[in-house]
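K.L.:
Below are the chains, spelled out letter by letter.
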Amino acid sequence: MFGVLQFPGSCDERDALLACRRVGDARLVWHEETDLEGVDVVVVPGGFSYGDYLRVGAIARFAPAMEAVAEHAAAGKPVLGICNGFQVLCEAGLLPGALLPNDSLRFVCRQVELVVESSETPFTQGCRAGDRLSIPIKHESGRYFAPPGQLDELEARGGVVLRYAPGQNPNGSVREIAAVVNEGGNVMGLMPHPEHAVDPLTGSTDGLRIFASLAAPAAESEAARISA
Amino acid sequence: MAASSAAAGTAAPQALTAAPTPAVTTTNVEGVRAKVLIRPKQGILDPQGKAIERALPALGFDGVSNVRVGRLVELEADDPDGLADLCEKLLANPLIEDYEIELDGETPQTPPPPES
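Here the protein sequences line up with chains A and B, keeping their order.
Using the working numbering, you'd call the opening residue of the first sequence number 394 and step up by one each time.
Using the working numbering, you'd call the opening residue of the second sequence number 38 and step up by one each time.
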């Protein structure tokens with residue numbers, strides 16, 4: 394069962410729900426819920442949680458549901474943060490780094506090519522390293538940043554899961570990073586929107602590979618193996 | 038979405054404080070006024086500052102460089118000792134931002150005169 398969080402100001406939870414339902418059961422989890430019983434995979438969707446008036450993702454970490462998400466993550470179960478969800482997971486300390494305003498200062502909305510750096514995660518186990526995924530982005534604050542020492546550590550442990558293809562970095566992210574995973578291997582955040590790339594009608598079904606990877610029976614045991 | 042965001046904007050801060058805070062200017066509260074200055078950490082690209090800097094010569098302002106843009110939060114606090122915690126956890130992200138807290142002294146005890 395996928396549980397898709399919904400904060401006031403979320404706007405991609407419906408697409409995320411539909412994407413999850415292509416590969417399994419899914420339900421919405423309202424931000425005031427504190428019980429994730431029965432949820433195997435948490436998806437923190439895109440949007441503008443609580444308006445993002447202060448700083449992207451800054452408020453959502455205080456949501457009651459986020460305590461449950463932190464417990465879920467601590468238990469080694471998968472958590473996927475997409476766009477604003479990635480920002481929220483960074484602010485909540487569940488992922489390293491932060492997302493800064495795009496270097497162009499513009500809201501960018503376009504299809505980008507991503508390179509799979511690691512297939513050793515429950516999110517990409519259906520891919521091979523080096524695979525290219527065509528997935529859209531749409532954000533104004535997607536410039537991934539972490540201090541150099543933290544980046545080296547991240548790279549050394551295989552924590553960079555996806556990079557923008559050469560020449561396609563849309564936001565100035567350091568080292569072209571598009572997705573990172575935590576040390577346990579069970580929490581991933583990415584700025585691109587795999588949930589918008591699950592139907593040929595919108596040009597690509599590559600995003601479905603992320604959801605299919607999570608729905609595969611090995612997803613949880615894989616996360617447990619990595620964290621062990 | 039705008040409506041739900043606005044509703045959340047009012048709801049979320051309440052959840053952050055232990056107890057509802059009374060309106061400071063109308064009660065006899067021993068509070069202080071403070072300014073919190075938040076700026077991007079040195080070494081982190083500040084595209085807003087860069088954009089302003091690039092535009093200055095064309096606008097007739099020469100000789101201005103190293104423009105960086107942060108934000109200023111003015112507030113009144115019952116307990117100034119709690120401000121650092123507020124900054125660390127909410128107002129600033131210490132990974133990417135530096136902050137300074139400047140206390141302005143006692144909050145005036147008398148409410149401001151009503152607007153005509």
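Keep in mind that a hint or two might mislead.
The following label-pair restraints were derived from C-beta to C-beta distances [to be verified]:
{"hint": "1", "chain 1": "A", "residue 1": "R414", "chain 2": "B", "residue 2": "R105", "range": "44 to 54 Å"}
{"hint": "2", "chain 1": "B", "residue 1": "L74", "chain 2": "A", "residue 2": "W423", "range": "28 to 38 Å"}
{"hint": "3", "chain 1": "A", "residue 1": "Q543", "chain 2": "B", "residue 2": "R105", "range": "16 to 26 Å"}
{"hint": "4", "chain 1": "A", "residue 1": "L411", "chain 2": "B", "residue 2": "D115", "range": "18 to 28 Å"}
{"hint": "5", "chain 1": "A", "residue 1": "R525", "chain 2": "B", "residue 2": "Q85", "range": "26 to 36 Å"}
{"hint": "6", "chain 1": "A", "residue 1": "Q543", "chain 2": "B", "residue 2": "K72", "range": "26 to 36 Å"}
{"hint": "7", "chain 1": "A", "residue 1": "G560", "chain 2": "B", "residue 2": "S102", "range": "25 to 35 Å"}
{"hint": "8", "chain 1": "B", "residue 1": "V101", "chain 2": "A", "residue 2": "G431", "range": "56 to 66 Å"}
{"hint": "9", "chain 1": "A", "residue 1": "L411", "chain 2": "B", "residue 2": "D118", "range": "43 to 53 Å"}
{"hint": "10", "chain 1": "A", "residue 1": "L411", "chain 2": "B", "residue 2": "R105", "range": "15 to 25 Å"}
{"hint": "11", "chain 1": "A", "residue 1": "A558", "chain 2": "B", "residue 2": "V110", "range": "38 to 48 Å"}
{"hint": "12", "chain 1": "A", "residue 1": "G431", "chain 2": "B", "residue 2": "S102", "range": "56 to 66 Å"}
Source of the hints: derived by calculation from the structure; they are not laboratory data.
Where is the CB? At the ideal position from N, CA and C, for every residue including glycine.
K.L.:
Tell me if the beta carbons of A:G560 and B:S102 are separated by a distance inside 25 to 35 Å.
P.N.:
holds (30 Å)
K.L.:
Do the beta carbons of B:L74 and A:W423 sit within 28 to 38 Å of each other?
P.N.:
holds (36 Å)
K.L.:
Mind checking the hinted window 56 to 66 Å against the Cβ distance between B:V101 and A:G431?
P.N.:
holds (59 Å)
K.L.:
Is 44 to 54 Å respected by the C-beta to C-beta distance linking A:R414 and B:R105?
P.N.:
holds (46 Å)
K.L.:
Return holds or violated for the Cβ distance of A:G431 and B:S102 against the range 56 to 66 Å.
P.N.:
Check passed, 58 Å falls within 56 to 66 Å.
K.L.:
Just to be sure I understand the hint, the distance between the Cβ atoms of A:Q543 and B:R105 should be within 16 to 26 Å; is that true here?
P.N.:
holds (22 Å)
K.L.:
Evaluate the given range 15 to 25 Å for the C-beta pair formed by A:L411 and B:R105.
P.N.:
violated (42 Å)
K.L.:
Using the Cβ atoms, figure out if A:L411 sits within 18 to 28 Å of B:D115.
P.N.:
violated (47 Å)
K.L.:
Falls inside 26 to 36 Å, the C-beta gap from A:R525 to B:Q85?
P.N.:
holds (33 Å)
K.L.:
Should the hint that A:A558 and B:V110 are 38 to 48 Å apart at their CB atoms be regarded as holding?
P.N.:
Holds, since A:A558 and B:V110 (Cβ atoms, about 40 Å apart) stay within the stated range.
K.L.:
With 43 to 53 Å as the target window, see if A:L411 and B:D118 comply at their CB atoms.
P.N.:
holds (48 Å)
K.L.:
Just to be sure I understand the hint, the distance between the Cβ atoms of A:Q543 and B:K72 should be within 26 to 36 Å; is that true here?
P.N.:
holds (30 Å)
In the structure shown, a violation is registered for the earlier hints numbered 4 and 10, in ascending order.
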